[in-house]
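Taken in order, these protein sequences are the chains called F and Z. All residue numbers for the first sequence refer to our numbering, where the first residue is 1 and numbers rise by one. All residue numbers for the second sequence refer to our numbering, where the first residue is 138 and numbers rise by one.
FYI, nobody ran anything at the bench for these hints, they're computed from the structure. Don't take every hint at face value.
[Said to hold, decoys possible] Computed spacing ranges between beta-carbons, pair by pair:
(1) F/Glu71 to Z/Glu281: 33 to 41 Å
(2) F/Pro126 to Z/Gly210: 41 to 49 Å
(3) F/Lys21 to Z/Glu360: 32 to 40 Å
(4) F/Ala54 to Z/Gly352: 35 to 43 Å
(5) F/Pro108 to Z/Glu166: 24 to 32 Å
(6) F/Arg80 to Z/Ala361: 54 to 62 Å
(7) Z/Ala378 to F/Pro108: 45 to 53 Å
(8) F/Lys130 to Z/Tyr340: 19 to 27 Å
(9) Z/Gly252 to F/Pro89: 23 to 31 Å
(10) Z/Ser169 to F/Lys2: 39 to 47 Å
[As the list claims (entries may be wrong)] Partial list, derived from the structure: chain Z residues whose beta carbon lies under 7 Å from chain F:
(11) Pro151
(12) Ile191
(13) Val195
(14) Leu198
(15) Arg199
(16) Trp219
(17) Gln226
(18) Ala233
(19) Arg234
(20) Asn237
(21) Gly283
(22) Asn287
Virtual Cβ for every residue (Gly too), placed ideally from N, Cα, C.
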Amino acid sequence: MKTVVWLHGDSLSAMDPAAQKYPDAERVFVFDRPFLEKAKLSFKRIFFLYECAAEAAGEIRVGDTAEELQEAMRQRAAGRLAVTESVSPRWRELVAELQGKVEVEVVPVADLVAVPADFEAKRFTPFWKKFGKEWGG
Amino acid sequence: MGGLYDEAPEKAVPSDFEGGRQAGLRALEKFSVRGYAGTRNKLHGNVSRLSFYIRHGVLGLREVAESVRERFGQSYDALKFWQELGWRQFWQLAHARLGNRIYEDLEPAKVNLGGSFPEELPEEIQQGKTGLVCMDESVRELVETGYMHNHARMWFASFVIHFRKLGWKAGERFFYRHLLDGDPASNALSWQWVASTFSHRPYLFNRENVQENGGKKWCERCEANCPFAATYPELERRLFAS
Chain F
1 MKTVVWLHGD SLSAMDPAAQ KYPDAERVFV FDRPFLEKAK LSFKRIFFLY ECAAEAAGEI
61 RVGDTAEELQ EAMRQRAAGR LAVTESVSPR WRELVAELQG KVEVEVVPVA DLVAVPADFE
121 AKRFTPFWKK FGKEWGG
Chain Z
138 MGGLYDEAPE KAVPSDFEGG RQAGLRALEK FSVRGYAGTR NKLHGNVSRL SFYIRHGVLG
198 LREVAESVRE RFGQSYDALK FWQELGWRQF WQLAHARLGN RIYEDLEPAK VNLGGSFPEE
258 LPEEIQQGKT GLVCMDESVR ELVETGYMHN HARMWFASFV IHFRKLGWKA GERFFYRHLL
318 DGDPASNALS WQWVASTFSH RPYLFNRENV QENGGKKWCE RCEANCPFAA TYPELERRLF
378 AS
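This is chain F alone, in the form it adopts within the complex (with noise of 0.2 Å):
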């Protein structure tokens, strides 16, 4: 099945752990235009992350994201998302909103210390002690 991979800004280069497991998808990456009227970044934190994007991407799209994905699917009769995974609530209602269109497939990212998915981190001491061994904590 032809894999389109979603590069976001949270995981932007050609080393994205999507990318890797699917290296021959082309690799999108979409400029959210909802959340950018919002959030009225710094042209130069834009331009950041058009740097990181133009040197990660075969494609940079402005729109909105989910529409912007689906589009690049359709143009490359492609039947699966593949992306990294984020903790933000944007990325997340953008996955939830796209699972019921397309299908998705998301893969892991590589923690700097491993910790069991029902940990609550409240203050970084204790957590640091518990699960930091391997870099001395």
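Go by the hints and put chain Z onto chain F.
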């Protein structure tokens, strides 16, 4: 991309910090962890300036940590640096748990923060025109480069929250707009850490701290009646008395 940023055309120029993995790898290769632990709190200390790349997943946390281990082994400097990388994962875990609740007070404040908070920082603060050279120069660096040293971020946040009683949300938005490494969780939760709504006590600083970590140059050309020239007990009395 027109209409998606606020700057006038003549101010819409790229940062000196270049985006992309190749630039990130060059910065990683250039970074030596030697001296990190002892100098990272100094404005001119040996900091990595890798946060832009780490925040956007251009460099992986584990990739950066392993690069330091391979090149420098396990030293006190390396341990301190890895701990800072650990903070990044901690913020991410907190964001995964809290979602958009990071934008609301997570705990009651431990001190009086005031009660009238603006949506945006006053113009004189955003434009670096308060007359307090240490604050104004930090803001200028942020706006002109997209970077501010971590210690200067803490001072600025403490100034906004505790000395000016403006709350933490307007400052959080200001940083998020400008910092090339602006991350929702690191940013909002760090502001809350300074405010004491995500920590046991508020973060305060004084002039001695600024001079010790930033040198005396700012103070030497500052003509303001310095609000930071006091001991910590004095500041606590002045800022937090109900």
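Which numbered hints fail: Violated: hints 2, 3, 12 and 22.
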